[in-house]
Amino acid sequence: MTSRLNQLKAWSMFHSDKNRLFSKLASLTVTLPMLLGQTLHAQDHKHSDSAQKHQHQKQHQNQASRTLSTTHAFHEKSWPQLLKEGPRPAAYLFTTTYCSTCPAAFEVLHQAVKEKGKPVPLMAVMMDASGTKALRHASHFKGITKMYAFEGFEPEIRQSVDPAWPNVTPYVVMIDAKGNLQKVIGPPSPEMLKRWLP
Amino acid sequence: MRSLKHMWLALMACGLLVLGMGTSPSASAQNKPAKHTKRIQLATGAALAPDGRLWVVGLNEHGQLFMQSSPAQALGQWTAPVILNTQKDEIAADGESRPKMAFGPNGWAVVTYTQPLAKPYTGFVRMLRSTDGAQTFSAPFTVHQDRQEITHRFESILFDAQGHLHTLWIDKRDIPAKGAGPKYIGAAVYGNVSKDGGATFSADYKLADHSCECCRIAMSNTPDGKVAAVWRHVFGEQTRDHGFAFLPEASANVQSLSKGPTITPVRSTFDDWQINACPHHGPGLAAYQSQSVKDAASNTSQTGFHMVWFGIRKQDGQDVAGVRYARLGAQGEPLLNTVKPLPDARAEHADVLSHKQRVVIVWRVSEGSQSTLKAWISEDAGQSFNLKVLGNTPGPNDHPRLVQRAEKMLVVWRNTTEIKVYDLSP
Numbered sequence: 053m054t055s056r057l058n059q060l061k062a063w064s065m066f067h068s069d070k071n072r073l074f075s076k077l078a079s080l081t082v083t084l085p086m087l088l089g090q091t092l093h094a095q096d097h098k099h100s101d102s103a104q105k106h107q108h109q110k111q112h113q114n115q116a117s118r119t120l121s122t123t124h125a126f127h128e129k130s131w132p133q134l135l136k137e138g139p140r141p142a143a144y145l146f147t148t149t150y151c152s153t154c155p156a157a158f159e160v161l162h163q164a165v166k167e168k169g170k171p172v173p174l175m176a177v178m179m180d181a182s183g184t185k186a187l188r189h190a191s192h193f194k195g196i197t198k199m200y201a202f203e204g205f206e207p208e209i210r211q212s213v214d215p216a217w218p219n220v221t222p223y224v225v226m227i228d229a230k231g232n233l234q235k236v237i238g239p240p241s242p243e244m245l246k247r248w249l250p
Numbered sequence: 005m006r007s008l009k010h011m012w013l014a015l016m017a018c019g020l021l022v023l024g025m026g027t028s029p030s031a032s033a034q035n036k037p038a039k040h041t042k043r044i045q046l047a048t049g050a051a052l053a054p055d056g057r058l059w060v061v062g063l064n065e066h067g068q069l070f071m072q073s074s075p076a077q078a079l080g081q082w083t084a085p086v087i088l089n090t091q092k093d094e095i096a097a098d099g100e101s102r103p104k105m106a107f108g109p110n111g112w113a114v115v116t117y118t119q120p121l122a123k124p125y126t127g128f129v130r131m132l133r134s135t136d137g138a139q140t141f142s143a144p145f146t147v148h149q150d151r152q153e154i155t156h157r158f159e160s161i162l163f164d165a166q167g168h169l170h171t172l173w174i175d176k177r178d179i180p181a182k183g184a185g186p187k188y189i190g191a192a193v194y195g196n197v198s199k200d201g202g203a204t205f206s207a208d209y210k211l212a213d214h215s216c217e218c219c220r221i222a223m224s225n226t227p228d229g230k231v232a233a234v235w236r237h238v239f240g241e242q243t244r245d246h247g248f249a250f251l252p253e254a255s256a257n258v259q260s261l262s263k264g265p266t267i268t269p270v271r272s273t274f275d276d277w278q279i280n281a282c283p284h285h286g287p288g289l290a291a292y293q294s295q296s297v298k299d300a301a302s303n304t305s306q307t308g309f310h311m312v313w314f315g316i317r318k319q320d321g322q323d324v325a326g327v328r329y330a331r332l333g334a335q336g337e338p339l340l341n342t343v344k345p346l347p348d349a350r351a352e353h354a355d356v357l358s359h360k361q362r363v364v365i366v367w368r369v370s371e372g373s374q375s376t377l378k379a380w381i382s383e384d385a386g387q388s389f390n391l392k393v394l395g396n397t398p399g400p401n402d403h404p405r406l407v408q409r410a411e412k413m414l415v416v417w418r419n420t421t422e423i424k425v426y427d428l429s430p
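Protein chains in written order, with the numbering used here: chain A, 53 to 250; chain B, 5 to 430.
Hints are computed from structural coordinates only; laboratory data are not their basis. Check each hint, because a few of them may be wrong.
[Said to hold, decoys possible] Listed next, the in silico DSSO-like pairs over lysine-lysine satisfying Cα-Cα at most 30 Å (straight line):
#  : chain 1 : residue 1 : chain 2 : residue 2
1  : B       : K230      : B       : K210
2  : A       : K246      : A       : K136
3  : B       : K42       : A       : K246
4  : B       : K42       : A       : K129
5  : B       : K182      : A       : K168
6  : B       : K182      : A       : K185
7  : B       : K412      : B       : K344
8  : A       : K194      : B       : K182
9  : A       : K170      : A       : K136
10 : B       : K187      : A       : K168
11 : B       : K412      : B       : K360
12 : B       : K344      : B       : K392
13 : B       : K360      : A       : K166
14 : B       : K412      : A       : K185
15 : B       : K392      : A       : K194
16 : B       : K42       : A       : K136
Build out the structure end to end from the sequences listed, making use of the hints.
Here's what the structure looks like:
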């Protein structure tokens, strides 16, 4: 549900000339969850002088929490299923809670999507944490549509994605509209991005 | 009219969204968050006490820091676990980031771990100390003087021959605030020294700028009483090979090292891996002092290091990933004709031990849910090796942890149900 709203938000972001539609969609994305009885797991934080630093930090983190309220289990059978039934085009970035080079690679994907003006889902897959611990990092992945989290034995899941993938992150898989895959360790090159979103 | 059309489209889109939620099983499977099972962090530290007793420290299924020990005469027969008071610190115990334990003289023992902080990529290095041989421990305290909410992670600890405790960690205090200075590549390796088993510490000093951000640091005592370290280092803009350096002696004025330019580490590997990424795969290091027949005649000996590391290097135009072994010279420089790949293309998280002519390299390899523990053993100081399969296990398991005291060489390997010990002593 939340991810569908995110897709809707992303779609609306890339059509800046349709301001009127924007406002309607924006209001719908806010009201729809309420109509459906679901809540977004985020809280607004009031600033106070004494705890300004912490509040600012929490606020920053919660910007991501407003759009992502949960992580989705990614186990050893998830990848074939996502390739078969998942969105196209799309991109998945595999990361860890201590991969400080990963957000920059995600930003390369995000910029490519922005430049194309298409609603392309961008997923982060957290390999060493799930739930709240993983979602702490969502604010570092601007434009994220959904966050998955490894569920099970890490090497086994990693091999289900690519047997040749050494445990290096960011590991990026870009899927184009026809289902063709490009895989790369580190930020994708401009040539790869062009092939991904022609 | 145009706006009405857009409005209609928007409502249709939302309607389809709502309908789609209930009608597409595959889409539902993708979007419905499955409940996560409780994640057990298996990364465990191990150490041999002066009396030969083997100790391990790790997290239990409740996330509590526990330790237990096993007598030298019955390795693998563990005492009941004892929970340590960590004052509810969150503790990193996954992959290369694991709790650690070390024994010094005078009944000193320390346990360390990284405490991840609320802000992503940040942490404090925390320590508990004992003065009665690990029977009781202090409350945890922060090891470094710098208390900014930044990266202080991936600590390594080692008592040197004089009983001084050396701690190194990855530190990001030198990274300027956004827009406040030139780009700083990677992180830095910082450290300090304690002459009293962790009761007091020197000032933090910087060993080297531009380390990689998320790999373990390897440390080794040398035969002449020094401490050497090797870590994944960023050379130039994004070449991730390894840097080697000797730590300052405890008697040095480390305060003077805390500011200003630091040493340029010796480059100990030349994979020339150009990558802006995190390998999560630190090196292993073991000092050696070997004496060949020729050396014995002239009463000389060769000193240097055995090293294992993971890297990707170009071979015939192809990127070839793998764990490799090489000997380093006395100053950490690679002896290039000694480089050899481990006999396992998918070897992961190898580590190395050395005693006289014996060299033991151990790693894990996984195939689906099965993991195998393998050893490569040399009796001629790394000239030749024999492969040995030590064991295997299904499901989640830790990296192999190597421990040594003199000629005693052990491998500790933890899975979800037990902690196994393999004795690879000569």
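Each hint tested on the structure:
{"no.": "1", "hint": "K230(B) / K210(B)", "result": "17 Å, holds"}
{"no.": "2", "hint": "K246(A) / K136(A)", "result": "23 Å, holds"}
{"no.": "3", "hint": "K42(B) / K246(A)", "result": "40 Å, violated"}
{"no.": "4", "hint": "K42(B) / K129(A)", "result": "19 Å, holds"}
{"no.": "5", "hint": "K182(B) / K168(A)", "result": "28 Å, holds"}
{"no.": "6", "hint": "K182(B) / K185(A)", "result": "25 Å, holds"}
{"no.": "7", "hint": "K412(B) / K344(B)", "result": "26 Å, holds"}
{"no.": "8", "hint": "K194(A) / K182(B)", "result": "17 Å, holds"}
{"no.": "9", "hint": "K170(A) / K136(A)", "result": "21 Å, holds"}
{"no.": "10", "hint": "K187(B) / K168(A)", "result": "29 Å, holds"}
{"no.": "11", "hint": "K412(B) / K360(B)", "result": "12 Å, holds"}
{"no.": "12", "hint": "K344(B) / K392(B)", "result": "17 Å, holds"}
{"no.": "13", "hint": "K360(B) / K166(A)", "result": "60 Å, violated"}
{"no.": "14", "hint": "K412(B) / K185(A)", "result": "39 Å, violated"}
{"no.": "15", "hint": "K392(B) / K194(A)", "result": "47 Å, violated"}
{"no.": "16", "hint": "K42(B) / K136(A)", "result": "28 Å, holds"}
Comparing the model with each numbered hint stated earlier shows that hints 3, 13, 14, 15 do not hold.
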